[in-house]
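Peer 1: Sequence order for the protein chains is A and B.
Residue numbering for the first sequence follows our numbering, starting at 105 and increasing by one per position.
Residue numbering for the second sequence follows our numbering, starting at 451 and increasing by one per position.
Just so you know, the hints here were simulated from the structure itself, not pulled from any lab data.
Treat the hints loosely; a few may be bogus.
Said to hold, decoys possible - Using 30 Å as the maximum straight-line C-alpha spacing, the simulated BS3-like pairs for lysine-lysine come out as follows: (1) Lys215(A) to Lys589(B); (2) Lys208(A) to Lys181(A); (3) Lys208(A) to Lys589(B); (4) Lys230(A) to Lys589(B); (5) Lys230(A) to Lys149(A).
Please read these numbers as outputs of a predicted model, since none were measured by experiment.
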Amino acid sequence: MAGSVGEAGESISLNLNPRLDVFSILITFLLMSYSTDPVNYDVKKGIELPDSTTIVALDEIPVISVTPAEIYVNDMKISNILDGDVPESDRTQGAIFPLYEALKDLSEVNKKLTQLSSGETKEIGKITMEMHKEHPFKLMKRVMLSAQQADFLSFKLMVSKEMN
Amino acid sequence: MPFIDIFSMLNTFLLFSAVFLSVGIIEVQVPFLSSAPADPTDNVRSLAVKVDVLPDKIQLVTSYSAPPTDEVVREFALDKNGYEELHAAAVEVRAANEDIKMLTLFSDDAVTFDQLVMILDAVKNRRDTDPEFFETDKKSGDRYRSVHVFSQVVMGSVIL
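Okay, chain B solo, but in the shape it has when bound:
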């Protein structure tokens, strides 16, 4: 009988404190203008990765900042298979360019927040089956294993 009492109390406590909906976050940034002087490395030919979300498809565009731009455009459907293919392509681009951790995302106004989150998942979150990516901590200079494919996603459409 005391066993039943303990179980009842424990049950009641756990039922009241149970969390049936776990909440997480996806971090994104918006572009900002700065009056700081231009970075000397800005003139270096670097790869820019961009994702365009249109009402009926997704485009992953990679191009270089200086000629030859070698622009490559890959298109994916706006459905579950498309997100999987987008993720595979994002991993491929990231694996081929270890220093690139930023991606700019442009979206059409009609795209819903739900669809946008799935695209952010595809380009941001690293899965266990993906290769490992490393990043350098700005303050300490230490390299660490990243949980992201592209850790920095900038919402390029958010400008005046």
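With the rest of the complex left out, here is chain A:
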């Protein structure tokens, strides 16, 4: 036990046992929740992900982020969101034109990189998307339609995993 001498010459001792107990419990808890997942990603500000019982872990950083007020592609702002939908000026045939353009460029780059590395063109484009849980399906449909037109046919929807 640590100790020191006070003004009157009396010895003051500091009981470290409770502190050790607290540290032990805290470290046990933190070790148990320590994550060794290959991908650690901080959800964009304002986004609240829906809860899910999925056991499939996130394996790549999301490309499309739909916050309560904006849509991003790789941290580049694409469009605003008002009352759960994009402005009419950004809409074309049910899809979001600026989003389609950004994803089309991305798709072309992906195809070129895949051809360079393996000589084959990828059959199905996959894209990861994070979206605020309160958004209606109408907006989700627009985003998916835009991505579909840009040759992205498979979506990995980011959700909050229930901790066991």
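Given the coordinates of chain A, assemble chain B onto it according to the supplied hints.
Peer 2: For chain B alone, coordinates are given in the frame of chain A:
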């Protein structure tokens, strides 16, 4: 005292690296048009499983592609009990049809992403108490135990 030093350093490191929000993914697909010739097995009478999400209820519809269609429609509430019943019905359909792994989901525009995820959980994720389902790997042809009830969910509403 050295013990305290070690504990302090370990504590600090673990607090900085702790993950309090674990993120997962749910994979879905959208329909796509193809100019490839029709699959000869398309004319075979097969079961189609469809989920319709309406603003006030969920419908699980099973029907055959050729007569007799034997369409069966089951309805569930859009609440926690409804999701549980939907999951039980999805497991029942999947257990009775081992080869069917695809389900098409149609949703009303007003349904929120949160509700949709709960429905996807109900039809996609297999629980420990569910029977085991097997699927065949396309490349190797090996059969493996699936972690899903319906591994392929197509968002049928996403079309031009």
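Peer 1: Holds or violated: are the alpha carbons of Lys208(A) and Lys589(B) at most 30 Å from each other?
Peer 2: Holds, because 29 Å separates the two Cα atoms, which is no more than 30 Å.
Peer 1: Hinted pair, alpha-carbon criterion (30 Å max): Lys230(A), Lys149(A). Please report holds or violated.
Peer 2: holds, 24 Å
Peer 1: Is the straight-line distance between the alpha-carbon of Lys230(A) and that of Lys589(B) 30 Å or less?
Peer 2: holds, 19 Å
Peer 1: When you check the alpha-carbon spacing of Lys208(A) and Lys181(A), does it fall within 30 Å?
Peer 2: Roughly 15 Å between the alpha carbons, so the hint for Lys208(A) and Lys181(A) holds.
Peer 1: Check the hint pairing Lys215(A) with Lys589(B) against an upper bound of 30 Å on the C-alpha distance.
Peer 2: Distance ~22 Å between Lys215(A) and Lys589(B) Cα, so the pair holds.
In summary, the structure agrees with every hint in the numbered list given earlier.
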